[in-house]
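Starting from two chains that each stand alone, build the complex the way the hints lay out.
For the protein sequence lines, the chains are A and B, in the order given. The first sequence finishes on residue 398 if you use numbering that gives the first Met the number 0, and the numbering steps up by one all the way, no holes. The second sequence finishes on residue 422 if you use numbering that gives the first Met the number 0, and the numbering steps up by one all the way, no holes.
Take these hints with a grain of salt, some might be off.
Label pairs and their calculated CB-CB ranges [said to hold, decoys possible]:
#  : chain 1 : residue 1 : chain 2 : residue 2 : range
1  : B       : Gly34     : A       : Ala272    : 46 to 52 Å
2  : A       : Lys270    : B       : Leu248    : 56 to 62 Å
3  : B       : Phe389    : A       : Gln89     : 43 to 49 Å
4  : A       : Thr216    : B       : Leu248    : 55 to 61 Å
5  : B       : Gln239    : A       : Arg382    : 46 to 52 Å
6  : B       : Arg21     : A       : Ala272    : 31 to 37 Å
7  : A       : Leu241    : B       : Val301    : 39 to 45 Å
8  : B       : Ala95     : A       : Gly203    : 43 to 49 Å
9  : B       : Gly307    : A       : Ala272    : 39 to 45 Å
10 : A       : Lys270    : B       : Phe389    : 35 to 41 Å
11 : A       : Ile380    : B       : Asp230    : 33 to 39 Å
12 : A       : Phe352    : B       : Arg283    : 57 to 63 Å
13 : B       : Val274    : A       : Val33     : 56 to 62 Å
Honestly, the hints are just simulated from the structure, not real lab data. The beta carbon of each residue, even a glycine, is placed where N, CA and C say it ideally should be.
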Amino acid sequence: MTAFLRKLWSANTVALTFLSMVLAVLIGALLIIVSDADVLAKFGYFTARPSDAIESSWAVVSTAYADLLKGAFGDPQVFSAWFAGTATWQQAFAPLSETLTYAAPMVFTGLSVALAFRGGLFNIGAQGQAVLGCVAAGIAGFTFGLPVVLNLLVALIAGVVGGALWGFIPGFLKARTGAHEVITTIMLNYSAGLFLSWLVIQQGIQAPGRTDAISKTVAETAQLPSPGGVLRVHLGIILAVLVTAGVSWLLNRSAFGFELRAVGANPHAAKTAGIGVGRTYVLLMAIAGGLAGLGGATQVLGTAHALTPAVAGNIGFDGLLVALLGRNRPWGTLFAALLFGALRAGGDRMQSFASISLELVTVLQALIVIFIAAPALVKAIFRLRAARATGLGASLAKG
Amino acid sequence: MSTATVEEPTEVVAAPEPFWTRQRRLGLALILLGGLAAAVFGALAPSEDARFTLSENAEGAALSINGQYGAVLFGVLALVAGGALFAGLLKRWSNALLSAGILAFVLSFLCWQVAGEFMPLVDTTDGTLQLALPLILGALAGVLGERSGVVNVAIEGQFLMGAFAGALVGTMATSVWVGLVSAAVGGMIIAGILAVLSIRYLVDQTVVGMVLNLFALGITGFLYERLMQPDAPTYNTPPQMPEWRIPGLADIPVVGPVLFEANLLVWVALGLVVVIHFGLSRTRWGLRTRAVGEHPTAADTVGIRVRGLRYMNVLLGGVVAGIGGAYFTLVATGSFTKNMTAGAGFIALAALIFGRYTPFGAFGAALFFGFAQKLATYLGAIDSPVPSQFLNMLPYLATLIAVAGLVGRVRAPAADGLPYIKG
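This is chain B alone, in the form it adopts within the complex (with noise of 0.2 Å):
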């Protein structure tokens, strides 16, 4: 009996869930969100009606409320929300309560500052989806590297080289096309120092990040003072990218203006963000960059080149990040302006952080981080009590809530920022 072994009979146990959930925490984020707002704002707003017009101004038809009366209901709402979320009722549809909950929140605070005056919703929703395409595409840029392993905070950078080479090379070939390429390339350029930095000489891919920012302000900067600012005409007045028109479409209330009655980025941009999420879960070559962004050596070890497919995926970014950049020349304004892109490089990164690396994860929160801003914008004109810099202060402060795992962690691939060596 010397070989006889005792098996203990195992038996499989779910682990008992602990109490404080993702959706508990969110459900009770949401409680005191929505009680705040039924409260505060409620009592906070006049008694007067918000109206929210279909239109570009005041005319037309339009949506009211009485600002204190909606206020204190879409408060409520979102309190509503989040107390389902709390007592896990609708499990199934958790996303969509939590996207509910903060509507109301929003809406609630909207109820209160526009109480007494108007919001006009298609200037608005156009001005967040502006303001949001360079976000959205400087995010993708991000989601093309991270998801393969190289980290990319220079996303600043190859903003600020696309809107450069846009105006620069634009305004000389009289051509916006000729500048929306170039400020592909643009973008390239520092893309693919980063990639020679980081992926050969393995320098460290934050630092190498944050260098080229800097490198990438000062040459814009130098060249700008040298050649565009003495001659403006020859160098930097870069002709402006057409808003086309599709007839039909574009007579939806609100949504026609918006999306099809505009430039070619908005397309491009909303395009990439479907062709991308399409790429990265359905293609050989998504399969391959997800492989290699979270376990290098593995995807090795079957024969996929990690440095080639690195180098690509970085170079795309620069692309896409470069096309960014160009909206700021070509499309916002018309001319280049010593580091005009002003930080949006980093709200593009806490877009792609905030949407979990994933192309319509970060297509949403560009869009909720162009909100604030365009919101910002908006409470300025009407003397709104509230600081337009904390509305300003709303995507970092996002970013920072949702990396801190306050409200479900956000999880980097896990070879993001480790150089390849092959051993």
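With the rest of the complex left out, here is chain A (with noise of 0.2 Å):
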């Protein structure tokens, strides 16, 4: 039992993950408290009544953190009430369907940053990538008019090779002339980004007697299924469980995914046992621009409906958070792309009800993901005993 326990409290991946969840949640509350003019005020009378600028605190950081945990799995309130009979199923699971509205695009940027990153390639382009995933699924949507599911279909497709293709940029790139993938993914999100700003405001893509920057609304028969209502939850979130199988299948027992892994474990190697480590590269960054691709779509086809200038909204860049966050496994980054969906969903309720700003969500994001990275700097705090090495192992190149 004891050896139990003092293997818990050594740096294990679950314990380094729960403590830097614990230090970012702490940061997020001093946040919370020193943004907090009443509570400040309370604080300048500390040494004369402590307890007055204490209870305060803990009464803002509570009421902020339990929305935020309202938000993400349900209120109990609404709960009790559904029992009671006087609130709906539906209520009820409000939340949890939020959570998984907002997990499911991250899945799939998450899994393309992650299947980039085990390929020794750091696929900063997943949301560039997502935002040409956007373009053509939601081209697809609203153009072809097919009969249903197969709507739904091409769409989906299209979104996927609209990504691929923004992805097979920098592989090839990386491959016949060693630019280095950031600097080229980089570039390419804020090209993409300025690419569709430009092209909702044309004509036969913008909506039909609107002025303002946004297209035509997509098929009914080309959006993803979704029970309505409050529930917002759609079928991308069960597209995303298969997809993250089949991507841990093509990582761990494919023949591609063991080429992928030998070149993001040493070029150099894989290259003298005969793989073509260009050929991955490419092949690589086209897979993951098109599991982007198709977390933009679905976006569009799930959530918004229409394409407008920030219909990506930040899902690259957060898949890069949850890809690390969940170590650049499939199923680690699944469920921190669950993580993250629930933070975003809990900080819609608090700044609607505790107004405390959604961007802390940002900022926890960011914490987690720092003292995930930094495992070193989690230990020095708690004082952990080492245990088997932990943390990002493969180290990028230059960049």
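This is the structure we're talking about:
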């Protein structure tokens, strides 16, 4: 038993992840306190009556985090109202539905980054690839007018192809000229964003009769099915689980997965062993791009239903964090995306109920990942015993 | 005769130069661009005068040229410059030829666009420099870090933190100078986290940089919504940086009002370009920085403190980028808004790479990108058919082409991005 406890309190993956979250939440609490003028005023006479300051700090922080949890997983009051018959089950499960809705696109972009990472590539371009996925899926969604199922399939495939094209470019440049993918993907991200903002105001794309930047609405047959009402969750999350399983198979069971892991571990050795490094880079980036494109497609076909300049939101960069938190493993990425989806959904409620800015969620996410990425820092803070090496294995080449 | 050795006659043969040298490729690109300009821009341009006024409006002296005639003329000039490059004429002046060719191409484009309209040169030059200011400072911050081997993709985060701290503290202290110093400190905080995590804790530098960008976006956005939005007068009305006029010099046409009737940041940015260039190439600090960036093990062997120098350079970079961030709140606009830098940090990164990691190169690239942005707003104002989004894309595409080595490869410092572990 003590051996188990001691093992628990060592620098293993679970402990590090948990402690990183604890640290992030603590820093978040500190931010909530220092940004609240009323509470700060009470700290003005801290030495005279410390209880005032501490109580009000506790009150503001606990309300905020309670709202975060309720918004992410469900409000016990609404659940009891449902049991009492005064609320519907849809209302009770609405928070969970929001969590899954936010998580779905992040699973895809996270997988995109994670897969590329395993091949030794840092795909910062998930954002741009997701944007292209949005564009292709959106256009396919309101253009073809195919019958049910087929229309959705075509739109999803279009999203994959759009993202794959945008991912192919940096892969090809890396293979052919050695141009570093970090730089090329950053450049392609912003090019994609500008392209989208140009595209949505073009004739034939822009919604008729609108002067603002919004495209036509995706045909209903091309939208991802959803229960509707307050439940925004859609088929995308199930697709995400399936794709995670697929990526997991690709990475761990397929010949290409072996090749890409070999290239990621040591490109020189892989080349000596007869693996086409350049070919692997190109294919890997195209697949990663396709995954991110699928993320963009779920965003358009699942929730947004029309293109706007900000339709992709921040899902590509969120995918970056998700992949890092999931330690670049497919199932880890899925869980990380669910966690981030929960934070995001809870953040919405926190913003409207406790009037704490949604940006706190961004801070928490970034902090968690910073601590995850620097296990030595967390170890030093909590004085953990060393366990077997954890953290981001593959150090990347120069950028 | 057991030890007899046969010496084979070795002859030093110079490797035959490949046909597609950098000059040739650049020349071909210019020929194509020039041809395109002469044919397409010339055909599209209306046969009306394009006026480039020497003032801030339509009044006063102006250089004017028939739009169609000018578009063709400058297009042909670009073609000729490209041809000279391609043929290998004037080898010593190849860089000048390249610049002249690009300039001619831009002028051809302008003749087409401005025909029938006017373009105020002072306003354009001033706008270019102002838009380029944060890019120059950000790119210089990058130069400091990357030349000593630390990749800095967190320029965007440093900008945001600088802009935010400048606005917040500047307002609370009601002093623009206190604001400027806090902006520098703000940039330095992000740089400090970057330095500690990447140098001490050996976290991948690009990863840290990207995460720090999001962190800065989150924390400034959070505090903006919690503090600044509810109470802007107390927290978000920073005093603006004054414009100083140097009598005499400010009367020079075009250059005068741009350079000598300006805010302090203009001179800081221009000065830093020279100082950092001189420092890198002529001082002990510069030699050591370059040594650490190219071959840290060798530098360590001769007694240079690799990590110490990297810490110092990254922090200095944070100061410079933070000052660049101050531009957004203390010069360009009178208040902070969420995500107000909107990717400028990445254009600065592009300028750094496009400028081949050198101060003057970064400066030139930043001016070029600033001009593209200014042109985008100008073309928007005259209802040009060229969409502004594509001009705003120019920095990214230019950098993409540059790193892809389509026209001359950009080479990063050898140890850029690699943590140094003392062995």
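Outcome of the hint check:
no., hint, result
1, Gly34(B) / Ala272(A): 46 to 52 Å, "holds (48 Å)"
2, Lys270(A) / Leu248(B): 56 to 62 Å, "holds (60 Å)"
3, Phe389(B) / Gln89(A): 43 to 49 Å, "holds (46 Å)"
4, Thr216(A) / Leu248(B): 55 to 61 Å, "holds (59 Å)"
5, Gln239(B) / Arg382(A): 46 to 52 Å, "holds (49 Å)"
6, Arg21(B) / Ala272(A): 31 to 37 Å, "holds (35 Å)"
7, Leu241(A) / Val301(B): 39 to 45 Å, "violated (57 Å)"
8, Ala95(B) / Gly203(A): 43 to 49 Å, "holds (46 Å)"
9, Gly307(B) / Ala272(A): 39 to 45 Å, "holds (40 Å)"
10, Lys270(A) / Phe389(B): 35 to 41 Å, "holds (39 Å)"
11, Ile380(A) / Asp230(B): 33 to 39 Å, "holds (35 Å)"
12, Phe352(A) / Arg283(B): 57 to 63 Å, "holds (59 Å)"
13, Val274(B) / Val33(A): 56 to 62 Å, "violated (37 Å)"
In the structure shown, a violation is registered for the earlier hints numbered 7, 13, in ascending order.
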